[in-house]
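J.: Take a look at the letters that make up each chain.
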Amino acid sequence: MNEAAAIDAARVAVDVARSCGAHSAEAAVSVARRLHVEAREDAVARLEGSTGKGLLLRVFRDGRRATLSTSDFSAEGIRDAVRRTVAQAQLVAFDEYAGLPDEVSIATENLSLCDDAVSQRDSLEKIEEALRLERLIREADSRVVNSSGSHYTESAAVTALANSNGFAAGYAWTRVGRSTGPVALDGGVKRIAHYGTAARHLRDLETLESVATTAVRRAVDLFGARKPPTMRVPVIFERDVAASVLDDVFAAVSGANVAVGNSWLSGGVGNAIGSPLVTVIDDGRLIAGLGSAPFDGEGVPTRRTPVFERGVLRTFLYDTYYARKLGAASTGNSTGGGVGPSNFYLEPGSLSLQEMIEATPLGVLVMDTIGFATEHASGTYSRGARGFFIEGGELAYPIDEFTVAGQYADMLAGVDAVANDLRFDASVASPSFRVAEMTVSGN
Amino acid sequence: MFDEALLSRLIHRSLQRGGDFADVFCERRHTLSYRLQDGRIHDASYGVALGVGVRVVVGESAGYAYSDDLGDEALMQAAEAASLIARSAPAGHAGTSDLRREPVASLYHRELSDSMDPERYVALLERADATARRYDAKVVAVNALLTDDVQEVWIATSEGRFVFDRRPLVTLGIQVVASDKKERGSGYVGDGGRTTIAYFDRATPEELASDAARIAIVNLGASPAPAGEMEMIVGAGGGGVLLHEAVGHGLESDFNRRGTSLYSGRIGERVANDLVTIYDDGNLEEERGSLNVDDEGVPGQHKVLVENGVLRGYMQDRINARLMGVESTGSGRRQSFRFSPQPRMCNTYMPDGDASFDEILSSTQRGIYAKSFAGGQVEISKGDFVFMVGEGYLVENGKITAPVRNATIVGNGPDAMMKVVAVGNDSRLARRHYTCGKGGQYVPVGVGMPTVKISSITVGGTQHE
Chain A
1 MNEAAAIDAA RVAVDVARSC GAHSAEAAVS VARRLHVEAR EDAVARLEGS TGKGLLLRVF
61 RDGRRATLST SDFSAEGIRD AVRRTVAQAQ LVAFDEYAGL PDEVSIATEN LSLCDDAVSQ
121 RDSLEKIEEA LRLERLIREA DSRVVNSSGS HYTESAAVTA LANSNGFAAG YAWTRVGRST
181 GPVALDGGVK RIAHYGTAAR HLRDLETLES VATTAVRRAV DLFGARKPPT MRVPVIFERD
241 VAASVLDDVF AAVSGANVAV GNSWLSGGVG NAIGSPLVTV IDDGRLIAGL GSAPFDGEGV
301 PTRRTPVFER GVLRTFLYDT YYARKLGAAS TGNSTGGGVG PSNFYLEPGS LSLQEMIEAT
361 PLGVLVMDTI GFATEHASGT YSRGARGFFI EGGELAYPID EFTVAGQYAD MLAGVDAVAN
421 DLRFDASVAS PSFRVAEMTV SGN
Chain B
1 MFDEALLSRL IHRSLQRGGD FADVFCERRH TLSYRLQDGR IHDASYGVAL GVGVRVVVGE
61 SAGYAYSDDL GDEALMQAAE AASLIARSAP AGHAGTSDLR REPVASLYHR ELSDSMDPER
121 YVALLERADA TARRYDAKVV AVNALLTDDV QEVWIATSEG RFVFDRRPLV TLGIQVVASD
181 KKERGSGYVG DGGRTTIAYF DRATPEELAS DAARIAIVNL GASPAPAGEM EMIVGAGGGG
241 VLLHEAVGHG LESDFNRRGT SLYSGRIGER VANDLVTIYD DGNLEEERGS LNVDDEGVPG
301 QHKVLVENGV LRGYMQDRIN ARLMGVESTG SGRRQSFRFS PQPRMCNTYM PDGDASFDEI
361 LSSTQRGIYA KSFAGGQVEI SKGDFVFMVG EGYLVENGKI TAPVRNATIV GNGPDAMMKV
421 VAVGNDSRLA RRHYTCGKGG QYVPVGVGMP TVKISSITVG GTQHE
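Chains A and B, in that order, are what the protein sequence lines are. What the first sequence shows, in the working numbering, is residues 1 to 443, in sequence order. What the second sequence shows, in the working numbering, is residues 1 to 465, in sequence order.
Hints may be right or wrong, so weigh each one.
[What the hints assert, rightly or not] 30 Å max Cα-Cα, derived DSS-like pairs, lysine-lysine: (1) Lys227(A) / Lys181(B); (2) Lys138(B) / Lys126(A); (3) Lys399(B) / Lys325(A); (4) Lys325(A) / Lys227(A); (5) Lys138(B) / Lys181(B); (6) Lys438(B) / Lys190(A); (7) Lys227(A) / Lys138(B); (8) Lys438(B) / Lys325(A); (9) Lys227(A) / Lys399(B); (10) Lys399(B) / Lys138(B); (11) Lys182(B) / Lys438(B); (12) Lys325(A) / Lys182(B); (13) Lys182(B) / Lys138(B); (14) Lys227(A) / Lys190(A); (15) Lys419(B) / Lys190(A); (16) Lys438(B) / Lys419(B); (17) Lys419(B) / Lys399(B); (18) Lys438(B) / Lys53(A).
No lab work stands behind these hints: they were computed from the structure.
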């Protein structure tokens with residue numbers, strides 16, 4: 001299905017919704033061709049390639065709404081499912097904020113979201129790439145004895161949106177990724193690490209060599225790790241872990257969480273929350289960004305929104321529904337039923353990570369964490385972690401089986417150094433940064 | 001809906017280049033859900049998934065392709081795409097394509113006549129909301145989600161097996177937020193199973209919502225969690241998340257066949273204190289993780305994973321069982337037709353020991369009582385895990401003294417299992433709401449456990465003296 005056909009399918013779904021009794025409707029159609037190659041040792045362990053499609057239809061009737069998601073595009077299948085969805089909407093309470101956005105439009109500039117080279121590339125080359133990554137991790141260090149697989153993934157897709165106010169548009173996009181999971185063995189201890197990279201364009205991907213080196217370093221550097229003492233010290237979050245902290249910051253500024261009281265930042269707009277080093281941007285128009293799109297899930301134009309400026313919380317992020325509910329305007333962050341990040345990132349500073357470590361007399365470098373936030377209401381951060389103990393500005397010894405904990409509010413206020421290593425490998429990204437003091441629990 | 005003749009042709013086509021075996025997984029799924037927020041039905045949704053996945057296995061390699069277009073040409077293209085894996089691999093023999101329909105067990109409770117009567121869903125949610133708000137004036141928000149899901153699968157294999165299964169799954173999840181102006185606390189309770197919403201006549205929304213509100217109030221009044229090493233009492237039922245993370249994932253056969261798990265090659269060895277026995281069971285009536293047949297068409301089984309501290313077996317799917325020279329244990333599962341199967345857990349639990357709860361509590365000098373977990377994660381090579389405590393208390397001198405909030409537990413699987421010093425006589429399965437994620441695929445699971453004491457674990461709070 002090409003872009004025009006996807007737009008047609010979305011228009012048809014809107015018409016069916018209207019004919020089934022919806023007063024207004026919005027349909028998003030996506031069609032994606034995906035390929036996943038997994039290599040392990042010298043063989044292709046997995047070769048998966050499919051084209052899949054999906055329709056997400058939102059129907060509104062008398063201020064009541066319901067949502068349909070389906071992969072069944074047969075005329076009969078759509079009609080039956082839409083009829084049931086419209087019937088379901090009758091049981092939903094009247095909600096004055098439910099409905100289509102007032103303003104929709106399509107960006108005129110080219111956001112460079114699609115790389116034709118992805119589809120044109122020979123499939124044997126893609127398979128060879130995964131095999132080569134698998135060889136590179138084994139060459140990088142003799143302790144790499146095994147792996148959980150090396151991967152090449154790609155998607156080439158079109159996304160189309162139509163609504164009953166006449167909006168109809170679509171765009172094509174691509175996404176490519178490479179990742180690997182080396183397993184290293186030393187002194188009877190096995191360590192696995194995962195590292196990967198992703199981009200819209202093949203040419204923007206981190207090289208295979210660099211992916212292999214980083215993944216292997218993360219596995220072997222931690223041999224001999226011990227538990228650190230329990231203490232309060234400065235904590236440096238390395239780039240990928242820093243991005244996971246930004247994921248939680250996004251959750252706290254999401255209008256959907258603020259509206260239901262599930263955010264520690266509720267009521268905080270205009271306040272100085274972070275240190276002056278904390279400037280956080282949500283940019284839906286970043287050229288070739290993985291979180292970029294010409295319009296959001298409701299057809300609202302995407303934009304660049306400063307969320308924190310020098311520590312001051314400027315705004316929450318909204319779709320149409322939560323903006324109306326909270327008396328604001330949509331920031332173009334609709335996922336078509338929720339609020340999601342565009343390219344959400346912490347502005348980089350000027351130090352390298354190495355310089356930041358050198359400027360830390362005593363502290364902890366966190367390279368990886370496990371665990372996740374289960375609720376954002378109280379704003380408590382706590383994760384299992386591994387990394388390095390820092391003494392005298394040097395990585396003294398590796399540490400694991402400890403936790404790092406604190407309140408998000410204290411963490412943002414305590415950011416006292418930000419590095420220059422920002423990379424947009426996902427829609428939420430961050431450079432490495434240091435927090436002046438957190439609780440490390442070990443022995 | 002999917003007949004033998006069509007599936008035979010797909011298998012035949014998928015093995016045209018050779019292969020050790022092939023299978024076809026057809027799925028039709030309908031999911032209905034209603035969400036309550038701000039005291040009213042906030043939104044409703046309906047989901048349909050319909051498609052076919054074709055897999056060809058050659059040695060350690062698998063080719064997979066799916067189609068959500070059920071036209072002949074599209075399905076044949078998927079079979080063709082899956083067959084490409086055999087291009088570079090030495091081709092084995094192609095199996096039969098004569099399919100025999102086989103009967104399956106019936107572990108689920110659902111009458112075919114059960115209609116999805118929408119008024120009943122709405123009433124259940126409204127009862128939950130009213131109960132939670134009545135529970136305490138500090139309750140400021142109630143969010144509840146009721147989901148009714150029916151997945152039908154048709155699975156055909158190149159050995160000629162053909163099975164159909166119809167899997168119901170209902171879930172009611174209730175989140176309650178309490179506030180005293182200064183602070184907030186939240187509580188979550190979920191339940192359901194492979195049955196109909198009539199289940200909530202037994203586990204009533206009043207009972208579930210009261211409990212969620214109770215936890216929210218406990219957490220509102222809770223102190224920040226302590227930091228450092230201490231004893232831990234793991235609560236009966238929901239504590240089973242510990243087994244799932246600390247041991248279960250490490251015993252899935254893909255990690256063990258590839259040698260990436262710390263449990264690889266250790267069957268027959270001691271991996272836990274001899275008080276520890278762990279089962280994984282796909283055959284428990286109504287449980288979330290139960291399966292009449294798994295997603296490769298193999299019947300669900302009762303598996304002994306660890307017996308008196310000794311490792312007894314792994315959870316096997318077909319590819320890994322074949323390569324390891326054993327039988328599948330009915331553990332091959334997938335999220336949907338869009339994914340190839342992986343070895344996964346079903347319902348993982350520990351049977352009764354002989355200590356009473358009071359004995360365990362009174363023997364604990366300084367520790368944390370993790371009554372339930374809100375989630376967890378493990379790294380399977382070294383076995384390090386982390387858990388987020390959903391409801392937790394400090395234990396001092398044999399007594400529960402004060403609730404603590406936002407505690408994270410960090411440890412190492414085998415280390416923690418060696419430090420199990422008491423197993424209670426109160427084993428039970430947890431309320432049914434757990435979902436397990438692995439490699440981007442999410443499947444419903446069950447967990448269970450008696451009260452268990454672990455002599456030392458690291459608690460990752462913020463309070464450090």
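J.: Please go over all the hints and tell whether each is borne out by the structure.
T.: Structure-based check of each hint:
| no. | hint | result |
| --- | --- | --- |
| 1 | Lys227(A) / Lys181(B) | 38 Å, violated |
| 2 | Lys138(B) / Lys126(A) | 58 Å, violated |
| 3 | Lys399(B) / Lys325(A) | 47 Å, violated |
| 4 | Lys325(A) / Lys227(A) | 48 Å, violated |
| 5 | Lys138(B) / Lys181(B) | 9 Å, holds |
| 6 | Lys438(B) / Lys190(A) | 20 Å, holds |
| 7 | Lys227(A) / Lys138(B) | 40 Å, violated |
| 8 | Lys438(B) / Lys325(A) | 36 Å, violated |
| 9 | Lys227(A) / Lys399(B) | 29 Å, holds |
| 10 | Lys399(B) / Lys138(B) | 27 Å, holds |
| 11 | Lys182(B) / Lys438(B) | 38 Å, violated |
| 12 | Lys325(A) / Lys182(B) | 24 Å, holds |
| 13 | Lys182(B) / Lys138(B) | 11 Å, holds |
| 14 | Lys227(A) / Lys190(A) | 17 Å, holds |
| 15 | Lys419(B) / Lys190(A) | 21 Å, holds |
| 16 | Lys438(B) / Lys419(B) | 27 Å, holds |
| 17 | Lys419(B) / Lys399(B) | 21 Å, holds |
| 18 | Lys438(B) / Lys53(A) | 23 Å, holds |
Checked against the numbered hints given earlier, the structure breaks hints 1, 2, 3, 4, 7, 8 and 11 and satisfies all the rest.
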